[in-house]
Structures are given as C-alpha cells and as structure tokens.
Amino acid sequence: MPDQFYYALEVALNGLTAGVMYALVALGFVLIFKASGIFNFAQGVMALFAALTLVGLQDGQIPFSHLINAIFGTELHNFGWNMPTLLAIPATMLVMVAFAWAVERLILRHLINQEPIILFMATIGLAYFLEGFGDIMWGAEVKRLDVGLPQGMSGALEEFTFQTFGYGFYLDRLDIWAAGIAAALVVSLTLFSQYTKQGRALRAVADDHQAALSVGISLRAIWVLTWAIAGFVALVAGIMWGSKSGVQFSLSLIALKALPVLMLGGFTSIPGAIVGGLMIGVGEKLFDFFLQPVIGGATENWFAYMLALAFLVFRPQGLFGEKIIERV
Amino acid sequence: MLYREAGDFKSTYTADNQTFPIKFDRNAYYLTMAVAFGVVPFIINDYWAQAVVIPFLIYAIAALGLNILTGYCGQVSLGTGGFMAVGAYAAFKIMTAFPGLNIVLVIVMAGLVTAAVGVLFGLPSLRIKGFYLAVATLAAQFFLVWLFTRVPWFFNFSASGQINAPTRTLLGVPVTGATASSATVYLICLFFVVALAWLARNLTRGTLGRSWMAVRDMDIAAEIIGVNPLKAKLTAFAVSSFYIGISGALLFTVYLGAVEAGEVFGIDKSFLVLFMVIIGGLGSILGAFLGAFFLIVGPVLLKLLLVDNLGWPTDLAAHLEIMIIGALILIFLIAEPHGLAALWRTIKEKLRLWPFPY
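Quick mapping for you: the protein sequence lines, in order, are chains A and B.
Heads up, the first sequence is in the working numbering, so the first residue is 1 and it goes up one at a time.
Heads up, the second sequence is in the working numbering, so the first residue is 1 and it goes up one at a time.
Keep in mind the hints are simulated off the structure, nothing from the lab.
Possibly wrong hints are sitting among the right ones.
[Stated by the list, open to error] Within a straight-line C-alpha distance of at most 30 Å, the following computed DSSO-like cross-link-like pairs (lysine-lysine) qualify:
id, chain 1, residue 1, chain 2, residue 2
1, A, Lys143, B, Lys93
2, A, Lys197, A, Lys34
3, B, Lys10, A, Lys34
4, B, Lys23, B, Lys10
5, B, Lys348, B, Lys23
6, B, Lys129, B, Lys231
[As the list claims (entries may be wrong)] Facing chain B, from chain A, some residues (calculated, C-beta under 10 Å):
id, residue
7, Glu75
8, Tyr128
9, Phe289
Quick caveat: nothing in here was measured; it's all calculated off a predicted structure.
For each residue, glycine too, the CB sits at the ideal point set by N, CA and C.
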C-alpha cells in the first residue's frame, strides 16, 4: 500500500510541474486581460510563434523560404550560420515587440469601444492568422528546441527520496527548472508592476481606462507594452514547452488548457493563474490516475474544463477574481 | 425599375409583415426556390455536390443554429463541434436500433437529442456570462468528443471506433450509404435547409425571438421588463442545438457516411461555424447562408488556384488558407462588424434610391 501511496504522490508532483507550465501560459492571458480587458485567445499561438522564431533564428533559417521556393522555384533553406542562443533570445524578443506594435497599430486601435466579446473573437482571428503566418514563415515540421536547459530525470532527487522513503521519485529536471523560472518570472513581473513608472501606469490602466487617460497615460503605449510583455511570457512558455516536447502545432493547444486554469483562478489575478494552474495540473493527473481503470484514459482532455465549469456555477468570478457587479 | 417599393401595395397585416416586403426580393426568392428544387437536382454532378453544394447546405444549418444562440441571444458558444457530434452519434444509434425508421424522422430525432444535451450544457449560462461562458462551452466540446471516442456503446463496439451509416431508403430511393445518388442527397439537405430556415425566420421575429434579442442587448433590463432570462437562454440553447444536431446528423448520414468523432468534430469545426456566423453577419438568417457559402467555396477556390493551377505544395496552401481566414475575421470585425449580410443591406439601401442618392 505505501508504494501505491508514494506512486500517487509522484503523480501529484508531476501534476504540479505540469501545472506550472499551464500557469506560465495563463499568466500571459491575465496580463493582457488586466491591462486592456481583452481576453487574448492568441496567447498559445504567440507561444508557438515565439518558439518557432527562436528555433528559426538559431538555425539561421531563411524566413518564408517555402513560399519563395513555391513562387520562384528556387531552393532556398538556410543562411548557413547558427545564431548563439544568447543572441537569438533577444532577437526573438525584438520580433515579439514588433508583433505587439503591429497588433496595436493594425487591430486594437480600430476596435476601441467594441464589446469584449467582439475583441475576444478578434483574438481568435488573430490566432488563426498568426498560426498560418508562423507556419509559412518558418515551416510547419516538428522542430527541436535546445537552449541549453538540463533535461532528463533528476538523479539526485531520486536518490534522496529513495533513501528517505524507500521509493525513488521520478521528476524531469526540465520541469524543476521550469518551476524555478516561472517563480522568477512572477517575482519580476510583480516587482515591475510595483516599482517602475510603466508598471504603475499599467496598473492604472487596468483599474480604469478613463481615469488613466485623464492623468496623462497613453493607452496605446500601454497596450503595446502589455502585448510585448505577454509576448515575453509567451516566449518563456514557448521555450519551456518547446524544449520539453518539440516545437510543433500542439504547442498552441496548451492555450486551450490555460483557459480553464484562468476560469478557476479568476481572469484578473496573477496569483489566481498560478494557484489555478497548480490545482488543474495536480487535479487532472490524479483524476486520470485514480479513474483510469474505471472510465478509461485521456480524461486530461476535458477534466480541467468540467472542473472549471462545475466550480464556476458556484463562484462565477473564480477563486481570486474580482466580484462582477452588475448595474442596470 | 428593379428594386422599388413603388406600386407594391399592401392591404393586410399579413402582407405587411412578410419576410420579403419588396416585390423584386420576393420574386428573386421564388426563382431561387424554383431553381434549387426544379433545376439543380437534374444538372448536379458528383464533384460539385460533394465539394461545394452539400457541405454548403449542411454547414448553413449549423451556422443558422449558432446564429440563433450567438447572434440572436448573445451567448457565444465554442461547443458547436461537440453538439454536431451528438447529432451524428444520436442518428447512428437510432438508425441501427430501429432499422425500419424513416430517415427524416431519424434526423429530426437526432436533433431533439442534441437539443436536450444542449440545454444541459446551457444550464450554467444563467450564472456564467460572456467569455466565461464561451470557455465553459469548450467543456462540452472536449467532453462530448472524448465520450464518443472512448465509450464503445456509442459506436456499437466496432473495432475501428468509427461509425458507418447503413443504407436507408426514402420512398424506395436510397438516401444514405454508398448507393445514394448526389441528387437525392442534395434534395434531402435542401429540404432540411429550407424548412429550418423558414422556422428560424419565424422564430426570430416572434415572441421567443424578441425575448432572445432582449437578453442579448441587456440581460438585466430584459429581466426587469418581464423576460424570463432562464427561459430565453435555455430555449436559445435548445433551438440552436437542435439545428446543430440536425446538421451533424446530416453530415454523418448523407454526406460523409463514416465518421470518427475526434477527427471530424474537433474544435476546429466549432471555430469554422463561429467564423461563418461572424463573416456572414451576427443576428441574420441571410448571414448564416452567406457565411457558410463564403467559407465553403473560398477554400475550394483557393485550392483550385494554388495547388491545381500554380502547383504549390498542399501544406503551404493550407497554411495560407488559415492565415487568410484569420485575416478576414479581423478585417470583418474591424470594417464591417455585422458581416456580409450588412454589406448586402447597404447595397439594397443604395439600390432603392439609385440613381438619385437623396
């Protein structure tokens, strides 16, 4: 029996590390939602795009080479050099900033004063566009992303747990690193929003657009900033997921996993995204573990949604969300 | 001239309330019906039926259904694919359990089953609103598809996990299975489209439709003037799911013939139908048709142009396609939030005054 218990514990621990990954994506959602009231469905595709760009830059791939080859009948593929990771990451970040600017300039600017649901649908359109664009730009085949993060199982942990409990825990070193990086990201984001001028402006916009405008904060600049930060978060999430399972289309589907995380934690709360992510990560792994013999596997596809749905019926604003006050 | 109200007098309330108040419109509608029922079945060939006409009709039903929920009642749903799967699997179970049952009855019953499931997933809509609800409907999408791929009872314990439509006849003519001709399949779909569009038109301008629109425009105010929001939302979910279920049932029984839930009714179907509604026009019956036409014919044309004419690789064309669809969504939301239907409305306004603009 204790073995069974330890095994469940290990499953829960693995769920925790998966939950960190979900939280990482959910974080990008929360940031944009807080600052502009837009529910950004494209966050997952942004992570995919960032990861694709990073790999493409690292390998010195020529952008749009497939398209150019198809039109002109040429055989272009690579520039013939590799960019070091430390250079490629800032370069990718530049691309994400340019993307943020383009989104504000071409889309958000024209959709001011629209209903939130229209903006939500616009981000679905953006997600589709970006997905096709990224695939055309860098090619759709599965790519390996290596930024030098340690991988494989953590031997030290297994040995330690084996000696204390008599049962070795299996944990991927990448997951442990991801947890650390996510924690660092949250701390730095909190510091940024508490102690810098831009961060304060960001919170002001999140509180009240009109009031922020009237004290001289430029909404447009703040939107570019939030989308750029969301791009940064997407890049981090893309690196983590990409190193774990390769850069491929399924990466954009983790965004779908981040949605119930948000519903559970509340759309407006950064701690909510973290707690929600961990709850869903652990919950779905344990649910699958205990109920697999009864109802078959692959419950991970829907468990998070059903949990969030059941939860929302009792607390519509989520765990940490602001209470929705309705006025006539 | 062409598009005038002048000389087209109405002397009864019924005549004043008709769907096409202008004679030209009315005649155009009768002409379309005559061509659709009297000419097309005789000239249709397999390629056109399979590639364009039948999917257009089937998706038009789905778009009508989602338009009732999203366009008229304001509840965004991303669970369309799941509800279409319910329609398909319900049709399969009914077809195989009662082999003698009329196929039209089977499809209507599949719609009713889907309506019940839709109400079940619509229940939270009273507490959850806006995109919370949109995300909650994803629960329906993933759960239903999982159910249909994992529980063997739904696919009659077949080894492949697929469901196959057995041959069923209507008045002695096969309408499902491999022996059905394109013309009969087309006529069945057309019959459902016309009947359901007529129903939708009349539902949306009656009491029920007005209560939906009141809830869409402002739910609290609607509640204060005496609309029961629970009833309005649940009926919208029921009617919408009924339509979507019929569309799913048709997609399975007469069009594809063999279906595997995970492949055919994935989340991309939900988005496809949502895009049809957005591009066609939220809250418009015509819009559902225009949107479905646009998104069915567009990719076919694009494929003809890029792959068959220019010789591009298929995957590149596919990526270009989703990129263009995404861009179109953005362009429509920015430039014409009410979709193609609104463009058509504008053209009509201009036509009525032409050639004197004031």
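Q) Between Lys348/B and Lys23/B, is the straight-line Cα distance small enough, at 30 Å or below? A) The hint holds at about 13 Å.
(Q) For a C-alpha distance cap of 30 Å, please report whether Lys23/B and Lys10/B respect it. (A) holds, 11 Å
Q | Straight-line alpha-carbon gap Lys129/B to Lys231/B, limit 30 Å | A | Answer holds: Lys129/B to Lys231/B is near 15 Å, not above 30 Å.
Q: Quickly compare the C-alpha distance for Lys197/A and Lys34/A to 30 Å and report which way the hint goes.
A: It holds: about 17 Å lies between the C-alpha atoms, which stays within 30 Å.
Q. Would the stated hint for Tyr128/A survive a check requiring a Cβ distance to chain B of less than 10 Å?
A. OK, holds: Tyr128/A within 10 Å of chain B, min 3 Å.
Q.
Given a cut of 10 Å on the nearest C-beta pair, is the interface hint for Phe289/A held or broken against chain B?
A. violated, 17 Å
Q) Can the restraint linking Lys10/B and Lys34/A be considered satisfied, given a maximum Cα separation of 30 Å? A) violated, 55 Å
Q) Does the CB of Glu75/A sit less than 10 Å away from some CB of chain B? A) violated, 14 Å
Q. Is the hinted pair Lys143/A and Lys93/B satisfied, with a Cα-Cα distance of at most 30 Å?
A. violated, 42 Å
Hints 1, 3, 7 and 9 from the list above are not met by this structure, while the remaining hints are.
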